[in-house]
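Asks: The primary structure of each chain is shown beneath.
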Amino acid sequence: MTAEIVVENVSFVYPDGTHALADVDLQIPRGHRIAIVGQNGSGKSTLVRHFNGLLRPTTGRILLDGLDTVGVHVAHLASRVGLAFQNPDRQIFAGRVKAEVAFGPRNIGMAQVEVEQAVYAALEAVGLTGQADTNPYDLGYSRRKLLALASVLAMRTPIVLLDEPTTGQDARGVARVQKIVSDLADTGRTVIGISHDMRFVAESFERVVVMRAGRIILDGTPSEVFARESWDALASTYLEPPLPARIGVRAGVGSTPTDALLVEALSQRKVAAS
Amino acid sequence: MSASTPAPRLSLRDVSYGYVGTSANVLQGIDLELAEGRIVGVVGPNEAGKSTLCLVAAGLAPLAIGGRLDGTVEQDGVDTRTLSAGDLGQRVGILFQNPVTQLSGTSVTVYEEIAFGPRNLGLPLGEVATRVEWAADLVGVRDLLPRDPARLSGGQAQLVALGSVLALRPGTLVLDEPTSQLDPLGTRLVGDALADLAAETGTAILMVEHKTDLLARMADEVVVLVDGKIAKSGPAAEVLADPALPALGVEPPSDVRLRAALAEAGISFDASWGPAWGVQAAVGARE
Numbered sequence: 001m002t003a004e005i006v007v008e009n010v011s012f013v014y015p016d017g018t019h020a021l022a023d024v025d026l027q028i029p030r031g032h033r034i035a036i037v038g039q040n041g042s043g044k045s046t047l048v049r050h051f052n053g054l055l056r057p058t059t060g061r062i063l064l065d066g067l068d069t070v071g072v073h074v075a076h077l078a079s080r081v082g083l084a085f086q087n088p089d090r091q092i093f094a095g096r097v098k099a100e101v102a103f104g105p106r107n108i109g110m111a112q113v114e115v116e117q118a119v120y121a122a123l124e125a126v127g128l129t130g131q132a133d134t135n136p137y138d139l140g141y142s143r144r145k146l147l148a149l150a151s152v153l154a155m156r157t158p159i160v161l162l163d164e165p166t167t168g169q170d171a172r173g174v175a176r177v178q179k180i181v182s183d184l185a186d187t188g189r190t191v192i193g194i195s196h197d198m199r200f201v202a203e204s205f206e207r208v209v210v211m212r213a214g215r216i217i218l219d220g221t222p223s224e225v226f227a228r229e230s231w232d233a234l235a236s237t238y239l240e241p242p243l244p245a246r247i248g249v250r251a252g253v254g255s256t257p258t259d260a261l262l263v264e265a266l267s268q269r270k271v272a273a274s
Numbered sequence: 001m002s003a004s005t006p007a008p009r010l011s012l013r014d015v016s017y018g019y020v021g022t023s024a025n026v027l028q029g030i031d032l033e034l035a036e037g038r039i040v041g042v043v044g045p046n047e048a049g050k051s052t053l054c055l056v057a058a059g060l061a062p063l064a065i066g067g068r069l070d071g072t073v074e075q076d077g078v079d080t081r082t083l084s085a086g087d088l089g090q091r092v093g094i095l096f097q098n099p100v101t102q103l104s105g106t107s108v109t110v111y112e113e114i115a116f117g118p119r120n121l122g123l124p125l126g127e128v129a130t131r132v133e134w135a136a137d138l139v140g141v142r143d144l145l146p147r148d149p150a151r152l153s154g155g156q157a158q159l160v161a162l163g164s165v166l167a168l169r170p171g172t173l174v175l176d177e178p179t180s181q182l183d184p185l186g187t188r189l190v191g192d193a194l195a196d197l198a199a200e201t202g203t204a205i206l207m208v209e210h211k212t213d214l215l216a217r218m219a220d221e222v223v224v225l226v227d228g229k230i231a232k233s234g235p236a237a238e239v240l241a242d243p244a245l246p247a248l249g250v251e252p253p254s255d256v257r258l259r260a261a262l263a264e265a266g267i268s269f270d271a272s273w274g275p276a277w278g279v280q281a282a283v284g285a286r287e
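Here the protein sequences come in this chain order: G and X.
If you're matching positions, the first sequence starts at 1 in our numbering and goes up one per residue.
If you're matching positions, the second sequence starts at 1 in our numbering and goes up one per residue.
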């Protein structure tokens, strides 16, 4: 069976001549939680903008459910792939929170009853039910980001792209985003996240793709990508493994990219030693 | 320090503030002092009033956006309410949370963007060029100087916005999440550059930051803002290790979290596993 998203030898050059992607090959099966990481300007946002047709490859192909996106209208792609922008202000335009969230689902032809349910569920997920009638610009930046995320969730697309969803969020906001990612995965949706927050990446995603200068340089599970052998490659794209991965190596228990994995490995060693 | 102690760079005494058209105050009874060369980090949950504190500390509220200000905000001992926008702009520089808000939108190159402020100060051309290059080097964007500011990635735009504030060389910097869109080593580069700037030029820095790992590395003091009030303040190491932080909606630094998780499992932290912050190899790999 073909993967849900197939990126075939894709290169992309912006009109000003910036080469943003070079020979990218990537397969994303349905229902996967995949994080895309890499230094600023490495091509992460450019790559995901190809998945919903905002950008079209200069060379190469993007297949969505086996169909080349070149022949597919952006409006159709919008019902398949939802994208929450890095900068919420590029996305928000309505006068009330409720209307903002309802716009997407209505636009893709969802029935009114379903729109209301979808809006309510999305606001609930991001914790903004109390602000349904607020003007989006009376919300602080962190809540505007959550609002932009709700607008995408409400469209109930099979594929959800999150560009830096934890930026500007406090501890509770990050926990909310983590729950949203796991809930989406539980309902069989594909979640593609871009993030500089390596702890969030290691805790919430099952696969990590590392980019540098428009190319994929590492692709594997968090334990593989944050293992000692990968540190030099990570550093070359301005990343470093999360703290528990570094401590795990120093403590001699292997690659343990999350607090929970490190505690588990150290506990097992303790039991084995006693 | 001279015989007579100079006035602090920034001082807020019993400051309360409410926006235009609202009755409730967003900030309540804030006391805060920032001496020359000091870095104070501000943490707190969303909607605690952190960005408002930045606007008030920089004098933009009420000067530019109105609202009610009670108490006193002073830059170098001068009440900000007596300063014109031009005077204020030379004493304190503010970096907004969203870099796209900051960029002028009128410049065709990053060079022009960073030069915009110094030019507005009426500086001679040579001095403008010196400042642009100095600021660009400090935040590591020299290779972006010929680029179109509208075509930068989020992180690049944030670095350019910070560079354009630094080029004004204000005595006080107010930074609202200056590294939010930066990659981890970019975050560290900017953190180190700001720490060096404070140490070498005496610039005082007030910075809102969710990345407590970064504050643990560079801040002298940390203030926890909750519901518009200061819930805790003190030396950075002390405040950031406070077990009450998560309950206040603040993520503790990675090592504090990890130590707590280990302690809960009955495992003691072995000193040979440290230092907690950073991989030296990774720093070395940066050109």
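To be clear, the hints were calculated from the coordinates, so they are not data collected in a lab.
Any given hint could be a false lead.
Said to hold, decoys possible - Here are the in silico distance ranges between beta carbons for each label pair:
#	chain 1	residue 1	chain 2	residue 2	range
1	X	140	G	95	38 to 44 Å
2	X	133	G	9	55 to 61 Å
3	G	74	X	199	37 to 43 Å
4	G	182	X	78	49 to 55 Å
5	X	101	G	19	24 to 30 Å
Heads up, the beta-carbon is just placed ideally off N, CA and C, and yes, glycines get one too.
Asks: Next, verify each hint and record whether it holds.
Replies: Right, here's what the structure says about each hint:
| no. | hint | in the structure |
| --- | --- | --- |
| 1 | X:140 / G:95: 38 to 44 Å | holds, 40 Å |
| 2 | X:133 / G:9: 55 to 61 Å | violated, 40 Å |
| 3 | G:74 / X:199: 37 to 43 Å | violated, 51 Å |
| 4 | G:182 / X:78: 49 to 55 Å | holds, 52 Å |
| 5 | X:101 / G:19: 24 to 30 Å | holds, 29 Å |
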